[in-house]
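Asks: Each chain, written out:
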Amino acid sequence: MKKTFVSKLVEELGSQKVLYSEPDLICYSYDATPLTSFKPDAIVRAFNEEDILKVLQLAAQEDIPVTTRGSGTGLSGGSVPVKGGIVLVTTAMNKIIEIDADDLSVTVEPGVVTSQLHSAVEAMDLFYPPDPGSMKISTIGGNVAENAGGLRGLKYGITGDYVMSLDTFFIDGSKVRYGTKCVKDVAGYNLTKFMVGTEGTIGIFTRIVLKLVPKPKTKKTFLALYDDVIDAARTVSTIISRKVIPSTLELMDQVTINCVEDYSQIGLPRDVAALLLIEADGHPAVVDEEAVVIEEACKANNIRTLRIAKSAQESEELFTARRMALSALARAKPTTILEDITVPRPAIPEMMALIREVTEKCNIRIGTFGHAGDGNLHPTCLTDERDLNEIHRVHEAYDIIFKKAISLGGTISGEHGTGIAKSKYLPQMVGPKAIELMRKIKACFDPTGRLNPGKIFLTEK
Amino acid sequence: MGKHFDQDKVAAAFSTLDVHDYGDVLQCMRCGLCLSSCPTYRTDGVETQSPRGRVAMIKAVIDGKMKASEEFVEHIYHCLDCRNCQSVCPAGVKAGELALEARYRIEQNRRQPLIKKFLLNYAILDQKRLSRLLFPLKLYEISGLQSLVRKYDILNLFSEDLGFMEALAPKLPSRPLSEQIPEEIPAIGPERGRVGFFLGCAMNLIFAETSRATIENLTLAGYRVIVPKEVQCCGTPNIAEGERKVYREMAENTIRIFADRRVDYVVTDCAACGSELKTYREIFQKSPAFAAKAQEFSSKVRDVSEFLDSVLTPNVRFGPISETVCFHDPCHLRHGQRLIFPQRNLLKRIPQLDYRELPDEGQCCGSAGIYNITHRQRSMKILESKIEAIEKTQAKTVVSSNPGCLMQLNYGSGHWKKGWNVIHISEILNRSLIAGQKLD
Chain H
481 MKKTFVSKLV EELGSQKVLY SEPDLICYSY DATPLTSFKP DAIVRAFNEE DILKVLQLAA
541 QEDIPVTTRG SGTGLSGGSV PVKGGIVLVT TAMNKIIEID ADDLSVTVEP GVVTSQLHSA
601 VEAMDLFYPP DPGSMKISTI GGNVAENAGG LRGLKYGITG DYVMSLDTFF IDGSKVRYGT
661 KCVKDVAGYN LTKFMVGTEG TIGIFTRIVL KLVPKPKTKK TFLALYDDVI DAARTVSTII
721 SRKVIPSTLE LMDQVTINCV EDYSQIGLPR DVAALLLIEA DGHPAVVDEE AVVIEEACKA
781 NNIRTLRIAK SAQESEELFT ARRMALSALA RAKPTTILED ITVPRPAIPE MMALIREVTE
841 KCNIRIGTFG HAGDGNLHPT CLTDERDLNE IHRVHEAYDI IFKKAISLGG TISGEHGTGI
901 AKSKYLPQMV GPKAIELMRK IKACFDPTGR LNPGKIFLTE K
Chain S
1113 MGKHFDQDKV AAAFSTLDVH DYGDVLQCMR CGLCLSSCPT YRTDGVETQS PRGRVAMIKA
1173 VIDGKMKASE EFVEHIYHCL DCRNCQSVCP AGVKAGELAL EARYRIEQNR RQPLIKKFLL
1233 NYAILDQKRL SRLLFPLKLY EISGLQSLVR KYDILNLFSE DLGFMEALAP KLPSRPLSEQ
1293 IPEEIPAIGP ERGRVGFFLG CAMNLIFAET SRATIENLTL AGYRVIVPKE VQCCGTPNIA
1353 EGERKVYREM AENTIRIFAD RRVDYVVTDC AACGSELKTY REIFQKSPAF AAKAQEFSSK
1413 VRDVSEFLDS VLTPNVRFGP ISETVCFHDP CHLRHGQRLI FPQRNLLKRI PQLDYRELPD
1473 EGQCCGSAGI YNITHRQRSM KILESKIEAI EKTQAKTVVS SNPGCLMQLN YGSGHWKKGW
1533 NVIHISEILN RSLIAGQKLD
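Read top to bottom, the protein sequences are chains H and S. For what it's worth, the working numbering labels the leading residue of the first sequence as 481, then goes sequentially. For what it's worth, the working numbering labels the leading residue of the second sequence as 1113, then goes sequentially.
Treat the hints as calculated values from the structure; they're not laboratory data. Some hints here could point you the wrong way.
Quick list of in silico lysine-lysine cross-link-like pairs, DSS-like style, CA-CA up to 27 angstroms [what the hints assert, rightly or not]: (1) H:Lys488 <-> S:Lys1460; (2) S:Lys1179 <-> H:Lys497; (3) S:Lys1398 <-> H:Lys790; (4) H:Lys497 <-> S:Lys1171; (5) H:Lys575 <-> S:Lys1179; (6) H:Lys813 <-> S:Lys1228; (7) S:Lys1357 <-> H:Lys813; (8) S:Lys1179 <-> H:Lys519; (9) S:Lys1177 <-> H:Lys563; (10) H:Lys519 <-> S:Lys1121; (11) H:Lys575 <-> S:Lys1493; (12) H:Lys497 <-> S:Lys1177; (13) H:Lys563 <-> S:Lys1171; (14) H:Lys488 <-> H:Lys695; (15) H:Lys519 <-> S:Lys1171; (16) H:Lys813 <-> S:Lys1177; (17) S:Lys1179 <-> H:Lys563; (18) S:Lys1460 <-> H:Lys497; (19) S:Lys1460 <-> H:Lys519; (20) S:Lys1504 <-> H:Lys695; (21) H:Lys695 <-> H:Lys534; (22) S:Lys1240 <-> S:Lys1228; (23) H:Lys920 <-> H:Lys655.
Excised from the complex, chain S in its bound form (with noise of 0.2 angstroms):
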């Protein structure tokens, strides 16, 4: 990220934020209850690594006590974005949105770097794109030289990072799902409505099988799915790293795909696409000719889990499934959009599953976006801890529902040798699903 900024600039920058948005940085009475629940006390323990001493700092910058310092802009991001204190603050100051506010402000006060003006303002635009940026990687991998590198730990000679990169990257499917799939898939059985499925970057590139599951769930719900192709990105990676204008032409993009296919919701697998979609009503709430647009879309809005717990019935049948299994609560599902109940209703449906509650009240796995990649030790101190916690739980198979955590606690898995298998709620709920099916 570019280095060179003008302090004062960003210091300006700050002097206007609307706090009030936030929930007033006063409203911030140090209480500290946030400090247990944050990540980054927990692996740092200090106080600049907590959300009371960032919404302290940012106060500090407003006020004109402090410099926006280097220093400052690095804290401002340490934060990963879990929103775990937004979760347990009763005060509700909003010291994670506060964060990305921060960036914004920051980002639009310095130079920005080619790689990530190419990543944030080009390639994020297109799905195909971004499609053809993962080509080398399938190359690498079907050509058999993965294997090769893996085996003899290659990479690791050249770079500690490349190596973990390279551990950390998953079997690519053969073709994006967008290429594989029909744009409208009937309902199996009579039809109860008109779902739409946004495919979400990283499932529709490379947990593709995973969100044809998904798609599938919701056929045998009763839903016809229609999956527009020419979606783009929800925008998480640009408002992760302080990049507004290209997110919201992308945001109002999605917005007007979804209102022509006239759908009664919009579905998404992806935990952080869902809590994004789900926050264009508040981006948009001051545009006059859009805010009731992203009112109605956002309102449409549900995660996989959240769906199918309202929709399936008590007699669709469920097929017994004999694991012990334990989920790991994406960060944005349970923190973002306040979801906790809907992924254990189901998961607790299927019959001879024994689920098994993680002892950590919804911790981060420590992926959280590229988060394992630009911080990558303190990552790795946060997956730890995760890793200790699933493992308490003795479970073989860990549920979660979004990509990011999907490939960190895979890699965990793999590099703590735990042996876990590690799937998406959609493709265990599919397996019970079909099961089902068979019993009628």
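Bound-form chain H, shown alone (with noise of 0.2 angstroms):
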């Protein structure tokens, strides 16, 4: 069957565009989350919407899953294909088709990469805030699709909050396009809205508009060191509470402090419990209104120091060793698993004394950091799939954190998505009838469960 259905394929589209060799259904088996590989039966590079079409129908005919991908980087595995089938490309459809500076917004195919639009906008005076760890590689149709957030989220948002319109392809073939360029639009239900964050499993999508704003004219960063992560936890709150909305506001304990700078070597002082990095943009005189303001909070918060970055480069520097954060922590041990909870700002104090007791109470080994300024953690477990047992303890520490951030008014997933991990606590987070109505929105664009299937929702075995 898998075969033949191949074969129909390669006729399709062309040897090119089909990849189904050992190695290639390996290698598009994973993205990076951890423990989780589920191979696909044929990978597709869609190079135009016409391909999408093509593989949607014949996929129809046969019967088969889709699952689209960008460049694999989820930490939901979003991209996985778990019941096989057919994984479906976006990378080559990577064009900026316009860039509007008159009415700020840009037009893109999925496959650009979220950085690659950054230098784009920012060459003629304009900024897309969102900025995913992963932005380097990143495409921008894995933003939408899972509704990415970043360092900036606290003060501009997140990717969703830039979406203006959306071109979507589901499973049956049929094409929409929603939304429009203008600010203000109420025509119908907001499907745009609805559908970012859906993890790929109600459409495919080839077109989208994203809103821009005016770059920013000037910004200051501030290193703020800690000998202990409850004050660094308590300066976040502190600020906010001061009505100040830093564009950055992130925090590292001292695992995570330590792999970065065993990485990066830009001389970040080892000895500290926590770090927060923060970052003030703006106009020149609103930046230094609430330097005094970030400088005082930090102040009343038992602050060990507070170093200014004297320059750009080494503003960036610093920025960039907090993206390498998780992917530097995989140095320290062979599996690395994170997850992604959120809470209300002035509860993050409660949630890190309540990570460190877990971390000794199941004898584990965490890390944690995150974008402490819009209460999204990242409690970073550092261990070896190999040790079963210490797995075990693993999801019981986050078990209970997880139970910990529902009952303070949070989330389990900021930013991620719930995907396959997650999957077995949304009902815990969300109530059973949200999940019903969710499964029906879902059998409506997908009556036979064919996009992306086993993710979001526990599937019944």
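Two chains, two separate frames, one set of hints: put the complex together.
Replies: See below:
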């Protein structure tokens, strides 16, 4: 069955676009999600909408699942083909169609790499704020599908806040363009906003219009060092309660700092318990005012030292180092499992205290970093997948952490998505009625469950 | 390369791979940060052409989840060994070195073709032998045949590959440098120390005049230069093709030769040689008899820019050169030896020189040993990106410090009719230092 199907794909699309050898299948069986790997039956590289339509038509004839994939940097398994079938790769659809500098928007194909979009618009003094950790290689299509966040989330919001219009293919091969370049547009249900963050389970994006903002005139970067991680956590809520919203407010604990310093060697102090990376941006006068408040907030919470970056290069180094945090943690142990809980900001100290407690109780090693400014934390277990006993304790720890996050009014995922790993926690989080509702919505778009199956909803066995 | 091999034997060879030496392959958390840095992923856009993909494939073979098929072997040879992935991997996974280790395990289990045996096990042992092999090329050049062939593009009528190799070939020196210079060259001015100069094969046989400039620069810096003529190849070609027996013999020989000469440093003007010579200490780490000697040797090895940047005191005068230049970082310098600043520091010391930064963060030029011959199409695509990046700097002179890069860039400049002057950093430094002397 599979063989004839693959040969039909080749016939329709040409051998350049269809990959199906053993090494190909291995290389498209994963994304950046730990312990997750499922082989597809074939991979198709789409170069245009026509290719996508052909794939959908053939898949329908043969009743085969389709999973869309960008660069494969997701952290919840969104692009992993759990049920096999076709992996539809959109990285070759990578044209920036239009930068509308007069009306502040940009129109792109889904395969455009996030940081390449940044450079293209910044060259015109415009700004696309969402900056997920993997932005050097992640694609806009993937960012929209996962509603990716990033370091600038607290001030500028996340991917979904910038999506204006989407061209979406559905599993039956139909296509809808929804949304406009208008700042105001309330015609009908807001399907555009709905589509964002559906993790590739509803449709396949082929054309994306994003809102742009003017590039901030100036910025100031601070590095605040602490002897106690709780003091760092308290600083976050102090800054926010004093009505300042920095463009970045990132936290790294000692474990993370040491791993990052091992790689980057930019002179981060290894003996501090935690650090905050803070950036204020905007009009110079405003930045100066905010800087004073930030400094006071740090001092009010037992800061050891406060450093201000002297140059754009120094600031860039600090940000790059922060973006490396997750991958750098991977150097400590063979397996790195991270989570993505988010809590209201005043609850951050309590959450950090619990993480510390759980680390001791479950006898595991956790490095925590994250976008503390928006309450989004990444407690990351440094473990070894071959040690089943320890893996069991890791899951135990996450159970406790998730429960606590929910009880504090937080969420099980701030920016990585539900995907495979967190589907078992979703019912706890949203309740059975909401799950039922989401299942109904999914069925409207994809009645046979062939588009990115095995995600978000727990599969009945 | 010999195609026929026993897949099971190769797979068995992988099962014993000590992955811990290469940053446990498990350590690769598949974040994908390496993708954008990898030249083959940039050209081909598929995961099998990425460091993350190669690690995944090797892991699959180790775990018995995939056959060590011919296609797998081909993928392992698609890597350029530029090590850019190792520069950018925060987790410290050595994807590049892992590919070389995989090649070694593959080659041990398949029959080696005669031509490869001849080159890697015989020809390479002796630079005189290599020089004789180049003689037909020399004859071809001096007979005037070369200019005729180039003029009428004759070789392309027979085979595009032949035409390409011909275009790549640089003008050869009348004799290798080793036959032109004495074994010891005294310092100019008061002697500050003894430097051993490692005669790289390509530098000695093809870029003799460049290495002459390198040696002169070293003497100008106050060092007596000792040039052992009996050195063999550094072994880079062997390692790249999965050959390690002859490699170790040559390395041991080189280490002994320089130990006998009692030098303070070992300097090379070939980035690939430098990278390899610095690796000897790791290669012999587990050999009780040789570990200490290899350690001592490698710790003395310096790339020529690295060395001059540290020894040319501020009172050394640089003469002005008014040219617009950029520096193409050889992968074995920037990623292999992690040297980024010395070459820039030196160029920036030359008055009136307008130095421009290449905007591609150390991408490979596609030369990569013999990659431009074995994987020509992809190599040319990689070169094209490099040419575009150079174009953006508006430099007229392209400086680099590796023979392979120099040939490749020179070819690119000609092929795309850019008319750039492609030179080794030793040449531009030599001009500046000589001019600087006259200022005194």
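Asks: With reference to the structure, classify each hint as holding or not holding.
Replies: Now the hints, each set against the structure:
1. H:Lys488 <-> S:Lys1460: With a Cα-Cα distance of about 59 angstroms, the restraint between Lys488 of chain H and Lys1460 of chain S is violated, given a limit of 27 angstroms.
2. S:Lys1179 <-> H:Lys497: holds (23 angstroms)
3. S:Lys1398 <-> H:Lys790: This hinted pair is violated, its Cα atoms lying about 46 angstroms apart.
4. H:Lys497 <-> S:Lys1171: Holds, at roughly 26 angstroms.
5. H:Lys575 <-> S:Lys1179: Measuring from Cα to Cα gives roughly 37 angstroms; hence the hint is violated.
6. H:Lys813 <-> S:Lys1228: violated (40 angstroms)
7. S:Lys1357 <-> H:Lys813: Status violated; Cα separation ~33 angstroms.
8. S:Lys1179 <-> H:Lys519: With Cα atoms ~15 angstroms apart, Lys1179 of chain S and Lys519 of chain H stay inside 27 angstroms; holds.
9. S:Lys1177 <-> H:Lys563: Judged against 27 angstroms, a Cα distance of about 18 angstroms means the pair holds.
10. H:Lys519 <-> S:Lys1121: Since the Cα atoms of Lys519 of chain H and Lys1121 of chain S sit roughly 25 angstroms apart, the hinted pair holds (cutoff 27 angstroms).
11. H:Lys575 <-> S:Lys1493: OK: Lys575 of chain H and Lys1493 of chain S at ~19 angstroms, within 27 angstroms.
12. H:Lys497 <-> S:Lys1177: holds (25 angstroms)
13. H:Lys563 <-> S:Lys1171: holds (22 angstroms)
14. H:Lys488 <-> H:Lys695: Judged against 27 angstroms, a Cα distance of about 48 angstroms means the pair is violated.
15. H:Lys519 <-> S:Lys1171: Given pair Lys519 of chain H, Lys1171 of chain S holds - Cα atoms ~15 angstroms apart, limit 27 angstroms.
16. H:Lys813 <-> S:Lys1177: Cα-Cα ~23 angstroms, so holds.
17. S:Lys1179 <-> H:Lys563: Holds: Lys1179 of chain S and Lys563 of chain H sit about 23 angstroms apart, inside 27 angstroms.
18. S:Lys1460 <-> H:Lys497: Violated, at roughly 47 angstroms.
19. S:Lys1460 <-> H:Lys519: Distance ~52 angstroms between Lys1460 of chain S and Lys519 of chain H Cα, so the pair is violated.
20. S:Lys1504 <-> H:Lys695: Holds, at roughly 25 angstroms.
21. H:Lys695 <-> H:Lys534: Violated: Lys695 of chain H and Lys534 of chain H sit about 40 angstroms apart, past 27 angstroms.
22. S:Lys1240 <-> S:Lys1228: Given pair Lys1240 of chain S, Lys1228 of chain S holds - Cα atoms ~19 angstroms apart, limit 27 angstroms.
23. H:Lys920 <-> H:Lys655: Distance ~20 angstroms between Lys920 of chain H and Lys655 of chain H Cα, so the pair holds.
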